[in-house]
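Q: Chain by chain, the residues:
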Amino acid sequence: MCGLIGYSGPRDVSEVLLDSLKKLEYRGYDSAGMATVNGHLEVHKEKGEISVMEKSMPWMEGNTGIGHTRWATCGAPSWKNAHPFLSQDRRIALVHNGIIENHNQIRKGLLENGTVFDSQTDTEVLVHLISQYHNGDLHAAVRRALEDVRGTYSIAVVEEFSDEVVVARKESPLVLGLGLNENFAASDVTALLEYTSDVVYMEDGESAVISPRGISLHGADGSVIDRPPSKVEWSMEEARKGGFEHYMLKEIFEQPRSISETIISYIDELETLEILPSRRKVDSVKILACGTSYNAGLVGKYVIEELSGIPVQVEIASEYRYTTKTNRCSLVVLITQSGETADTLAACREAKERGSYTLAITNVVGSSITREADAVLFTKAGPEISVAATKTYTAQLIAVYLLGARLAYTSRAMGEEEMRIIKASLRALPNKVSEVLDRAQSLQAAAGIFRDATSAFFIGRNRNFPSMLEGALKLKEISYVHAEGYAAGELKHGPLALLDESTPLVAACLDDHTYDKMVSNVSEVAARGSPILIIATDDNEECETLADHIVRVPPIEPLFSPVTLAVALQLLSYYVAKERGMPIDKPRNLAKSVTVE
Amino acid sequence: MQAIILAAGHGTRLWPLSEARPKVMMPIGNKPILEHIVQSLVSNGVTEMAMVVGHRRGMIQSHFGDGSEFGALISYYEQSKPLGTAHALLCAKDFPRGDFLVLPGDNVISPEGIKELLAAEETNCALLARSPMPSKYGVVEMSDLIVSSMDEKPSRADTSIISTGVYRLGREVLKSMEGPVSDGSTGLTDVLSSLLPELSMRGIITRGTWCDAVYPWDVIDMSSRFVSLDGQSVAGRVESGVVMKGAVEIGEGTRIRAGCYIEGPVIIGKGCDIGPHVALSPVSIIGDNVSISSFSHISGSVLLSGSSIDSHCHISRSLIDSNVQVGPHFCSASRNAYGRVKEDLIPLNDIGCVIGSNTEVGGGVSVSPGAVVGTHCRLRDGTTVRENITDRSEVY
Chain A
1 MCGLIGYSGP RDVSEVLLDS LKKLEYRGYD SAGMATVNGH LEVHKEKGEI SVMEKSMPWM
61 EGNTGIGHTR WATCGAPSWK NAHPFLSQDR RIALVHNGII ENHNQIRKGL LENGTVFDSQ
121 TDTEVLVHLI SQYHNGDLHA AVRRALEDVR GTYSIAVVEE FSDEVVVARK ESPLVLGLGL
181 NENFAASDVT ALLEYTSDVV YMEDGESAVI SPRGISLHGA DGSVIDRPPS KVEWSMEEAR
241 KGGFEHYMLK EIFEQPRSIS ETIISYIDEL ETLEILPSRR KVDSVKILAC GTSYNAGLVG
301 KYVIEELSGI PVQVEIASEY RYTTKTNRCS LVVLITQSGE TADTLAACRE AKERGSYTLA
361 ITNVVGSSIT READAVLFTK AGPEISVAAT KTYTAQLIAV YLLGARLAYT SRAMGEEEMR
421 IIKASLRALP NKVSEVLDRA QSLQAAAGIF RDATSAFFIG RNRNFPSMLE GALKLKEISY
481 VHAEGYAAGE LKHGPLALLD ESTPLVAACL DDHTYDKMVS NVSEVAARGS PILIIATDDN
541 EECETLADHI VRVPPIEPLF SPVTLAVALQ LLSYYVAKER GMPIDKPRNL AKSVTVE
Chain B
1 MQAIILAAGH GTRLWPLSEA RPKVMMPIGN KPILEHIVQS LVSNGVTEMA MVVGHRRGMI
61 QSHFGDGSEF GALISYYEQS KPLGTAHALL CAKDFPRGDF LVLPGDNVIS PEGIKELLAA
121 EETNCALLAR SPMPSKYGVV EMSDLIVSSM DEKPSRADTS IISTGVYRLG REVLKSMEGP
181 VSDGSTGLTD VLSSLLPELS MRGIITRGTW CDAVYPWDVI DMSSRFVSLD GQSVAGRVES
241 GVVMKGAVEI GEGTRIRAGC YIEGPVIIGK GCDIGPHVAL SPVSIIGDNV SISSFSHISG
301 SVLLSGSSID SHCHISRSLI DSNVQVGPHF CSASRNAYGR VKEDLIPLND IGCVIGSNTE
361 VGGGVSVSPG AVVGTHCRLR DGTTVRENIT DRSEVY
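In order, the protein sequences belong to chains A and B. Each residue of the first sequence is one higher than the last, beginning at 1 in our numbering. Each residue of the second sequence is one higher than the last, beginning at 1 in our numbering.
The following block holds chain B by itself, in its conformation from the complex (with noise of 0.2 Å):
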């Protein structure tokens, strides 16, 4: 069996997360949202891939190369516009040789969904799961085992049942596509919609994991939820007097300096530069390169390549971004609170603050529960941030 990753979305809702990289490359756990897909085809034994990229394919195609490091082979194929996932698939029309899987690149996939598809007798299967928001989401009615319909974000929802946008397609479903999509259908969930009659798509509710980030708190979640650790692994180089519990794992070239207490799981990358006393809480993921001063917690939080934290900071249940560079007594607490997505309110549960790229934060500013900072802002010393700050702000 061959797939098709469509891996060309530009992901705007994630901002201000897209801004420093596409979707796909979102790094969950340390590993980019693709990687996480390829590594539960590659397991299921499906290898040979091809990638549907568009705009800053460079840094996908550069991490993943030929595909020979994750042990599968991959060919890509280029959407120059962003027309939408049906579009986006037949770019990629003359791959398959017989019947394949097509999967968005953007949402994370357990290797046990991909076998559920394989296991299947029916050529054409949609993979399906359950949402709390199905609105947002292609929503999917069945009749015994064979989908019967499927809506597109409807305004109202009668059913849980979601597509995944996850689908086992027979070759000639690309060949019925055509006509659709050059009559200007874009989005793939509404093209096998109106080819629903002649496909008889049957519909697997999957039991493994499936996630979206729809928006960037959901980083923090997803983070947590893939984070499969066991035991303790260390390539950095530990100093002495710092306690470590549970499921951590540290990256060559990072020092954790005396004093620090870490209680897994907990994951710090490479080159990192950590204490002296630093208390890491779960589940916290540390990227590549990040240094954190003395007497700084992070708990709960997904710190990401590049930043920097100076001393005594809170970081509670928060994203900080690449390259962000975090002045002494920042303050990011976190309880249940209202993010703010254009007009909608989000209820999220004990949520701290989503901090942009290359964003500068004085000393002693505070954030304040579900506000969101852009990238290249400067919060100067001293201010609280109560609301969403737009891209290359300042705040005075």
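Just chain A, with the same shape it has in the complex (with noise of 0.2 Å):
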């Protein structure tokens, strides 16, 4: 996913370039950038967040501009790859959002023309390709030009000396805004709805012609189109959140799609994968990460050391770079969500520095982790919003299963038919998330337990462990609610004596090897008169007489029951904080991606 945004009025071009673009940059941001007609063609573009081309952004003057906002899904984020691209003239600046399948094909043909190529990207090729048919009416160079192109697309134009911008789109999201001798184009309406509430759509196979005189909708065949423009009515927060309340709802619901994604981009392959060293037997395993990574590093170990009988270590990224030099370890996973972890990072140098192969798993392509590590495993969760992470941590799990079967494939721990089971297994998680989040509602009810709590405890054994801690981190962090992760059979080394009536008790008791001594250690607490959360699979009844809430999840094979029980602990921690009237997409003293040591 990419943004675009086109622009041609009164205003200073720049500033409403950089303006809609922020708005934008949920779409994407790994690199950005821009180009306005101030008499000659004027790019701008820089690696990074939108803030990083803005801090560096020179005086550009004019009326007329294009803006980009990127989220590499191929191709590494860099300076050359960041849009907007110029042709070899300088005259013509594009960007564009979409894949151009046969982009190979035309740039054979454009290089025997002569043209020189500055980049590997689809998009450089359609810039040349417009500039090669380009007679002195660009809207029919465009259209020429698209003729020739396979794919997906919506892109905006401009060129030297005009006030026009001629964009197209297919299949690719692309909407113009109408104004008072300004008009606009963008990647949605969020990006408009500061200036103009009026918008048209256009559809595939469409061009248009944007210029302060107005806009004209052409079809595939040039003809005239009259499209009479609709009325946005509703403000731009709300657009963005597609009808949930806040980002992290939201983000929680689109799990089923994210898990999916990571499956489908790797299973196929998933026996060969290069992400172990090639060389070496790996013998023994050490992940590293921050937050809510280390949580799902955790998991990581239950689930590898089950399937691949390999010893795991899970270590702090901050914490292991300043232990002192142990034997090298033959393989070390560094898990970041936004691969910019500065501890992370530092972890993974020193970890190479001792000779350890280095496996990055992390969500974005192209950012600073994945230079560094030998190999990378990507989630595919697309960009996350909310501070607190939920489909990103669903997804890091994913790819800590992917991973365990490959070792233990490569290990001989499991065979053909082994991995066919899990294969299966894992098809069948994006469903088993969809029927957690059909239940929402028992987690609505079971938040009030939570009502005048100052802290609360969560408790798991074994795989279930880590996400108790997980569970308990996202209460923390975006309700303010003091909370702690405990393995249930250290609750008696110390914490039950903290708690009593005012504080509750969240303990997974799930179908496994582990249920009976759960059972217990609930039994234990409940003594002692504190409110009790069970989270229980459906046909579990024990469990009803033990708590004064019970949560039902579906059954699933216990190795893959961290993923459904995240879920529904991130739905409870949502809806917590929701019932205490917290700011949940952006909790105080947090920041996304943590950058500093």
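Bear in mind the hints are in silico, worked out from the structure with no lab data behind them. Note that CB positions come from ideal geometry on N, CA and C, so glycine has one too. Wrong hints could be hidden among the right ones.
With a cut-off of at most 30 Å between alpha-carbon atoms, the simulated DSS-like pairs for lysine-lysine come out as follows [claimed, not checked]:
| no. | chain 1 | residue 1 | chain 2 | residue 2 |
| --- | --- | --- | --- | --- |
| 1 | B | Lys-342 | A | Lys-231 |
| 2 | A | Lys-578 | B | Lys-93 |
| 3 | A | Lys-22 | A | Lys-492 |
| 4 | B | Lys-81 | A | Lys-578 |
| 5 | A | Lys-231 | B | Lys-175 |
| 6 | A | Lys-586 | A | Lys-47 |
| 7 | A | Lys-325 | A | Lys-281 |
| 8 | B | Lys-136 | B | Lys-342 |
| 9 | B | Lys-153 | B | Lys-93 |
| 10 | A | Lys-301 | A | Lys-517 |
| 11 | B | Lys-175 | B | Lys-81 |
| 12 | B | Lys-31 | B | Lys-136 |
| 13 | B | Lys-342 | B | Lys-31 |
| 14 | B | Lys-136 | A | Lys-231 |
| 15 | B | Lys-31 | A | Lys-231 |
| 16 | B | Lys-175 | B | Lys-153 |
| 17 | B | Lys-115 | B | Lys-153 |
| 18 | A | Lys-80 | A | Lys-55 |
Label pairs and their in silico Cβ distance ranges [as the list claims (entries may be wrong)]:
| no. | chain 1 | residue 1 | chain 2 | residue 2 | range |
| --- | --- | --- | --- | --- | --- |
| 19 | A | Lys-586 | B | Ile-146 | 53 to 59 Å |
| 20 | B | Gly-170 | A | Ser-455 | 46 to 52 Å |
| 21 | A | Asp-539 | B | Ser-368 | 24 to 30 Å |
| 22 | A | Pro-229 | B | Arg-386 | 56 to 62 Å |
| 23 | A | Leu-111 | B | Gly-98 | 51 to 57 Å |
Two chains, two frames, a set of hints: combine them into the complex.
A: Okay, here's the thing in structure tokens:
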């Protein structure tokens, strides 16, 4: 997903572009750029978030321009790969969202005509192609060029000494905005709402020319289309959240899709995925991460050990850096959502120095960690806006399952048949998560027991223990309730002294080999009068007598319960925070990506 | 023109399919019914729409977002209690600025039907269709071109003309509806029917395709009616020795192993693992993340996401819902049979079975044509199922 914007009118274009790009930032933020027409074309682009581009932006004059914010899905984010792209004679600039499938073929043709390419991107091919067909009429050239193109796109193009922006779309969103003596085009309506509420939606195969004098919309054959504008009557925040009250809830509900995307991109070639050292046998694994990613790493320990029998250690990245140099570990796994977490990056360097093979698990293509590590496994969760990680956490869990299966297959702990079974279970996960989401109401009801709590405990055993740590972290983060996650067996080694009638306990009593032990731990607490919330599977009746509140999750193979449990706990903390009236998407003192040490 | 889509219904008649999703999200050709509707609207230039959502709204909203991925601008209105379609429409009464379209979110409608409504000169219009079982719907009588009566689910129908539930209405109709709705009328057809004298509603019998999934078996036929494929589009990996004929679509991350024989129209979703040596016959729809092991034959059937089919299975004219695990040598043959819905017996042509989501089907199980198995059931090895099985049953 990328975002693009085009403007022509009386305002200072660089301000309009910058402002609108910030609103499109949720569509991607690994590089950004803009081109303005001030007689000749001026281009400024930068790798990194839009604020980076803003900082280094020179004085750019002009009243017509285009802008772009990118989320790389192939081709690393870099200055070179950032949009806009210029034609060879620097007379045309273009931004693009989508994929040109036949770009290699077109590139070949252009190379024969002597075109020199600056990048390997499909977008650059497009700008040169338009330039080649340019015969005085930019709109005609764009239409002609698009005839040669196979793929999906929304594009915006400007040329020097012209106040016109030419746009076109096919299977990629694009909307036109109508103002007074000014007009706009953008990937979605949120970028425009500050300026106008009159919009015209473009359809596949259509193109349009935007100038201060108006908008002309054309069909694929060039015929003029007269489409009256629609009126947008909602606030921008509402629009972007797609009917959800908060980004966090929206992202929680996106999990069936993000999990499915992560599985789909690796499952077919899992057996041969190049994420392990090629020459050395992996005899131990170390996972380094911070925060939520650390909790995903802890789940990874149980998963990898269970599948492959290879011992796994998990360390907090900021601690690992300052430990004494122990022997090298044959595989070090770094988990960081943003790929920019300073401590995890430093830990990666340290691990390499100690002679380990490093594998990064990250959500951001081309982030710093992808250049530092020897191999990368990408989670396909897409951009996450809410500070509290939800869909990126479950996507990280999927990544550790994939890694566990890959390790087990290579070390022959698992054969073809077991691999087939694991794959079938993974494939069923997105629908399992949907089932949990279907029960959001029961979690909303359960959130009531935290209404006046100042402190809470989350307990679990084995692979469900890290999930409870994550559950407690989520609660702390967004509802500011002090919460502790504990391995259930540790309760009587101290914390039990803190439990009383005002301290809720959340316990995961799922169907696995620790179930009986969990029930007896919960009974101990019940005797102290703490309000108890048990998370149990559908047909469990025993827990009903123990708990004040019971939340049901669908039955699942024990190995995969951390995924469904995580989703249930995310919903729980969301509803607790909502009930307590907290600023859910932007908790105090916290930032999305921690780039300081 | 704006459109209001009523998407808050449960669709319980579609059991067991309604357990896994609201009816509006039922995939037809791997796309939810609601997405077909949105596309029909967008292709007619109706891009501004409101969806009235109820329970399970999250699944709908996370699919459509703000609508920009579909070329539309979508806002959401909540109907917090299931108080009927008329009440649902009034939940979005602040939305229209002028004339608007109302569409039930659980019927598939082709773009032509929308076009006919937009082209009409009258403000108030009802889109009508002919149905072989009119008494399941609102039966419509017309004098000249004006609707004279609408009778919701009558015991006897004198005509085959029914209301599709798709209307074009003036904004003031919403005001007139408030009275009857607060008096307890719940269905949109009933309420509009009581207002007919003042509305002068034009009836338009659509030439386009319109269909409703009343029973779970309908989904099988609807899937084949709404599959419009041309040529072959392959995003996944197809091993050598696979034969593909006709229109075939294969999603990314999918592997088709050697020796498969695929006769289109066939759609295969993303992340699937098919084969080796699996035969797929028309019209079959395979959802995302489905695996089918060797020597199985899937014919004219719909398999939804996350299901796994073991080797040597025969699945004909059947519907397997999501996350169903099917053991080896499962047999679901098809012939003309009766399906049972509560007390009614429904004659079905060339039909296999329907299996609800999350059911585990053991090895060598056979399910008779017309039988419906609920969700979360366990059919143990070697059992034969001859009639409907309720949710969460265990069959020895």
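Q: If a hint holds in the structure, say so; if it doesn't, say that too.
A: Taking the hints in turn, this is what the structure says about them:
Note on Lys-342 of chain B and Lys-231 of chain A: the hinted pairing is violated, with a Cα-Cα distance of about 47 Å set against a maximum of 30 Å. Of the pairs offered as hints, the one joining Lys-578 of chain A and Lys-93 of chain B holds, with about 28 Å between alpha carbons and a cut-off of 30 Å not exceeded. With a C-alpha separation of about 50 Å, the suggested pairing of Lys-22 of chain A with Lys-492 of chain A is violated against the 30 Å cut-off. Between Lys-81 of chain B and Lys-578 of chain A the alpha-carbon distance is near 21 Å, which keeps this suggested pair within the 30 Å criterion.
Between Lys-231 of chain A and Lys-175 of chain B, the direct Cα distance comes to roughly 22 Å. Compliance with the 30 Å bound is thereby established for this hinted pair. Restraint check for Lys-586 of chain A and Lys-47 of chain A: satisfied, since their Cα atoms lie roughly 25 Å apart, inside the 30 Å limit. Between Lys-325 of chain A and Lys-281 of chain A the CA atoms are separated by roughly 21 Å; this keeps the pair inside 30 Å, and the hint holds. Pair hint Lys-136 of chain B plus Lys-342 of chain B holds up; C-alpha atoms about 15 Å apart against a cutoff of 30 Å.
About 26 Å separates the Cα atoms of Lys-153 of chain B and Lys-93 of chain B, which keeps this hinted pair within 30 Å; it holds. For the hint linking Lys-301 of chain A to Lys-517 of chain A, the alpha-carbon distance of about 21 Å falls within 30 Å, and the restraint holds. For the proposed pair Lys-175 of chain B and Lys-81 of chain B, the alpha carbon gap of about 21 Å is at most 30 Å, so the pair holds. For the given pair, Lys-31 of chain B sits about 25 Å from Lys-136 of chain B by alpha-carbon distance, which is consistent with the 30 Å threshold.
Restraint check for Lys-342 of chain B and Lys-31 of chain B: the C-alpha separation of about 29 Å stays at or below 30 Å, so the hint holds. For a cut-off of 30 Å, the pair hint linking Lys-136 of chain B to Lys-231 of chain A is broken: about 38 Å separates their Cα positions. Taking the CA atoms of Lys-31 of chain B and Lys-231 of chain A, the gap is near 28 Å; set against the 30 Å cutoff, the hint holds. The straight-line distance between the Cα atoms of Lys-175 of chain B and Lys-153 of chain B is roughly 25 Å, inside the 30 Å bound, and the hint therefore holds.
About 27 Å separates the Cα atoms of Lys-115 of chain B and Lys-153 of chain B, which keeps this hinted pair within 30 Å; it holds. Proposed proximity of Lys-80 of chain A and Lys-55 of chain A is supported: the alpha carbons are some 18 Å apart, at most 30 Å. Restraint check, Lys-586 of chain A to Ile-146 of chain B: a C-beta distance of roughly 56 Å satisfies the suggested window 53 to 59 Å. Judged by the Cβ atoms, the range 46 to 52 Å given for Gly-170 of chain B and Ser-455 of chain A is violated: they are separated by roughly 58 Å.
For the hinted restraint 24 to 30 Å between Asp-539 of chain A and Ser-368 of chain B, the CB-CB distance of approximately 28 Å keeps it satisfied. One distance hint, 56 to 62 Å for the beta-carbon pair Pro-229 of chain A and Arg-386 of chain B, holds here, with the actual separation near 60 Å. At roughly 55 Å, the beta carbons of Leu-111 of chain A and Gly-98 of chain B sit within the given window of 51 to 57 Å.
When the structure is compared with the earlier hints, violations turn up for hints 1, 3, 14 and 20 and for no others.
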